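J.: Single-letter residue listing:
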Amino acid sequence: MPTQKTIAATGNTVVAEAMRQCAPDMMAAYPITPQTTIVEEFAGFVAKGRVHTEYITVESEHSAMSACVGASAAGARVMTATSSQGLALMWEELHIASGMRLPIVMANANRALSAPINIHCDHSDIMGARDTGWITLFAETAQEAYDNTIMAIRIAEHPDVLLPTMSCLDGFITTHSIDRVCIMDDETVTGFVGQYTPKNALLDIENPVTHGAFAGLGGPFFEFKKSQREAIERSRAVIKDVGAEFSELSGRPFGMVETWGMEDADVAIVVIGSTAGNVRHVARQMRESGIKAGVVKIRCFRPFPYAELAAALSGVKAVAVMDRAESFGAEGGPLFLEVRSALYDATERIPVIDYIYGLGGSDVRLELIETVLNDLSEIAAGAQAPTGLVYLGSR
Amino acid sequence: MQQLTEIRWHARAGQGAVTAAKLVAETALELDQYMQAMPEYGPERMGAPIKAFTRISSVPIEIHCNIENPDAVVVLDETLLAIVDVAEGIRSDGVILVNTCKTPEALRAELGLQGSSVRVASIDASGISLETLKRDMPNTPMIGALAKATELFDVAPIVSHLTKTFGKKFSQEVIDANIASVTRAYEEVSVG
Numbered sequence: 001m002p003t004q005k006t007i008a009a010t011g012n013t014v015v016a017e018a019m020r021q022c023a024p025d026m027m028a029a030y031p032i033t034p035q036t037t038i039v040e041e042f043a044g045f046v047a048k049g050r051v052h053t054e055y056i057t058v059e060s061e062h063s064a065m066s067a068c069v070g071a072s073a074a075g076a077r078v079m080t081a082t083s084s085q086g087l088a089l090m091w092e093e094l095h096i097a098s099g100m101r102l103p104i105v106m107a108n109a110n111r112a113l114s115a116p117i118n119i120h121c122d123h124s125d126i127m128g129a130r131d132t133g134w135i136t137l138f139a140e141t142a143q144e145a146y147d148n149t150i151m152a153i154r155i156a157e158h159p160d161v162l163l164p165t166m167s168c169l170d171g172f173i174t175t176h177s178i179d180r181v182c183i184m185d186d187e188t189v190t191g192f193v194g195q196y197t198p199k200n201a202l203l204d205i206e207n208p209v210t211h212g213a214f215a216g217l218g219g220p221f222f223e224f225k226k227s228q229r230e231a232i233e234r235s236r237a238v239i240k241d242v243g244a245e246f247s248e249l250s251g252r253p254f255g256m257v258e259t260w261g262m263e264d265a266d267v268a269i270v271v272i273g274s275t276a277g278n279v280r281h282v283a284r285q286m287r288e289s290g291i292k293a294g295v296v297k298i299r300c301f302r303p304f305p306y307a308e309l310a311a312a313l314s315g316v317k318a319v320a321v322m323d324r325a326e327s328f329g330a331e332g333g334p335l336f337l338e339v340r341s342a343l344y345d346a347t348e349r350i351p352v353i354d355y356i357y358g359l360g361g362s363d364v365r366l367e368l369i370e371t372v373l374n375d376l377s378e379i380a381a382g383a384q385a386p387t388g389l390v391y392l393g394s395r
Numbered sequence: 001m002q003q004l005t006e007i008r009w010h011a012r013a014g015q016g017a018v019t020a021a022k023l024v025a026e027t028a029l030e031l032d033q034y035m036q037a038m039p040e041y042g043p044e045r046m047g048a049p050i051k052a053f054t055r056i057s058s059v060p061i062e063i064h065c066n067i068e069n070p071d072a073v074v075v076l077d078e079t080l081l082a083i084v085d086v087a088e089g090i091r092s093d094g095v096i097l098v099n100t101c102k103t104p105e106a107l108r109a110e111l112g113l114q115g116s117s118v119r120v121a122s123i124d125a126s127g128i129s130l131e132t133l134k135r136d137m138p139n140t141p142m143i144g145a146l147a148k149a150t151e152l153f154d155v156a157p158i159v160s161h162l163t164k165t166f167g168k169k170f171s172q173e174v175i176d177a178n179i180a181s182v183t184r185a186y187e188e189v190s191v192g
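First to last, the sequence lines map onto chains S and C.
Counted from 1, the first sequence has number 47 at position 47 by the numbering used here; the numbering is strictly sequential.
Counted from 1, the second sequence has number 117 at position 117 by the numbering used here; the numbering is strictly sequential.
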């Protein structure tokens, strides 16, 4: 295994470092809290000549993603980062990037959307973009944010995939906390990500192509969408292969779904992002008092790992889903809808309860998780499950 | 060192508490510990009360939330005692360390902790800073005082880390002044 360096750094610092090591040809970026230090530190690398990237400062996120789309269509390896309102402002270009099959890699610092104004963590921004056709990876820790960013390049640029990929980390909790992180050397990352050989590059003047042209009535629009569906389905195998290869190099596990204690669990919590650690910590404690709790962490949200999730949850008596985003008027939050759907084909009907938590950075105290596991334990023993979702810890 | 030590920092924005929380975490890493350091972000105005957190552990730290039951509370500005409940949630065997000229006994009375098992420690970090750094930057001396009051580290790893990290951006004079302030605070802190 190649040697790694253990450092004290924030999630944003190590994402910027991963991006430098991936050596994109182009980055267009606009700062937004809590993402800013990623593109700021990357700009520093460019200024110091530590990476040879065409760095374009633009006047908005709309322009940032537009410039990224142009550069990627031209044939460049492209990376950027955003958050919250910035991601929302990129909305139309997110669809254009995936529709044009451009393997742009973007970090997203998960943050609430206004109103009221809030700069702290939740998953409203990224869940709002869940249907834009981007592969979406989530990090629990700064370490996973670093690892995911590097893997994202390989996944996005794989010839079977060619889809934009987002590497998401929780705003402030992961972006701004200093954590212990292992960093690979530049040669290892360079070797792992390899050279990008674009397919259908606009600048390949020997083979002229058109990107994103009019495909209206009678045109191939419908078939384009079908090909996007096929590509993201193919990405499942690529994500697993890239994850396995990266694990070999890093010594750190990667799964689209990562489980803890599920071998004999009676109750389980499904969770995304930095809260997974809080949940594991409490589950470990509650096991000492006889509650057989397990944890299922979703590390890849798009494509959604339905089969893996259903397999992980088979045999449990009650499931809680932790949603850090709303889908107002739906039966539950975005993750709940996926989990219930994944369990539809299960032979045993498992009660699934949705907990909306941590919106706008509301602190995820350990006793809140205890409440969830106590609820589940009672439901597993025959108590009535609550009807409707639960706002966990709201005043 | 116990398995997990949780430290909560109280200061006014601009006093260097976030840097101190970070320096303590980095020092812990050099001793091959696991650590976290995070500020509690809010409206950023110079002088506004802020909090920061440091966790240090001999095993990986999984939790990501604010510290509600700290083992140690560090107060960089004693005027905060009147407006912030710095003792909130402190563990019964914890320690509260304040940058002040007052004695631990006087502090204990001011904090309403008479008869409590919580330890109270005082250090004139601003005074030390004015003498060594020629300005009121209480953050580095508070690290020295914290190390002694909690028995978290010896002074040597702090000095070694400061030398390494400050060496990249400050003059030898500034580094020496910081080392002097850390060392003096380590020696002069009174715990009651």
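Rather than coming from a laboratory, the hints here were simulated on the basis of the structure.
Careful: at least some of the hints might be erroneous.
[Stated by the list, open to error] To be clear about the criterion: a stretch of chain S counts as covered by chain C if any three or more of its residues have a C-beta under 8 angstroms from a C-beta of chain C, and this derived list gives those stretches:
no., segment
1, 38-51
2, 173-179
3, 275-289
[Stated by the list, open to error] Derived contacts from chain C toward chain S, CB cut-off under 7 angstroms, selection only:
no., residue
4, A25
5, L31
6, Q36
7, V59
8, C101
9, E105
Only a predicted model underlies this, so the values are computations on that prediction, with no experimental measurement involved.
All residues carry an ideal CB built from backbone N, CA and C; glycine is no exception.
J.: Against chain S, is E105 of chain C within 7 angstroms by beta-carbon distance?
T.: Violated. Min distance 34 angstroms.
J.: For the segment 275-289 of chain S, do three or more residues have a beta carbon lying closer than 8 angstroms to a beta carbon of chain C?
T.: holds (count 5)
J.: Against chain S, with CB atoms and a cut of 7 angstroms, does the hint on L31 of chain C hold up?
T.: 12 angstroms, violated
J.: Should the hint that C101 of chain C touches chain S count as held when the rule is a Cβ pair under 7 angstroms?
T.: 32 angstroms, violated
J.: Checking hints one by one. Is Q36 of chain C an interface residue toward chain S, by the C-beta closer than 7 angstroms rule?
T.: 6 angstroms, holds
J.: Using C-beta distances, would you say chain C covers the segment 38-51 of chain S, given that this needs three or more residues below 8 angstroms?
T.: violated (count 0)
J.: Does A25 of chain C hold up as a contact with chain S if the rule is Cβ-Cβ below 7 angstroms?
T.: At about 5 angstroms, which falls below the 7 angstroms cut-off, the nearest Cβ of chain S leaves the hint on A25 of chain C intact, so it holds.
J.: Take the segment 173-179 of chain S, compare each residue's beta carbon with every beta carbon of chain C, and decide whether three or more fall closer than 8 angstroms.
T.: Check passed, 6 qualifying residues.
J.: Would the stated hint for V59 of chain C survive a check requiring a Cβ distance to chain S of less than 7 angstroms?
T.: With Cβ-Cβ at 11 angstroms, over 7 angstroms, it is violated.
Hint violations for this structure: numbers 1, 5, 7, 8, 9, all remaining hints satisfied.
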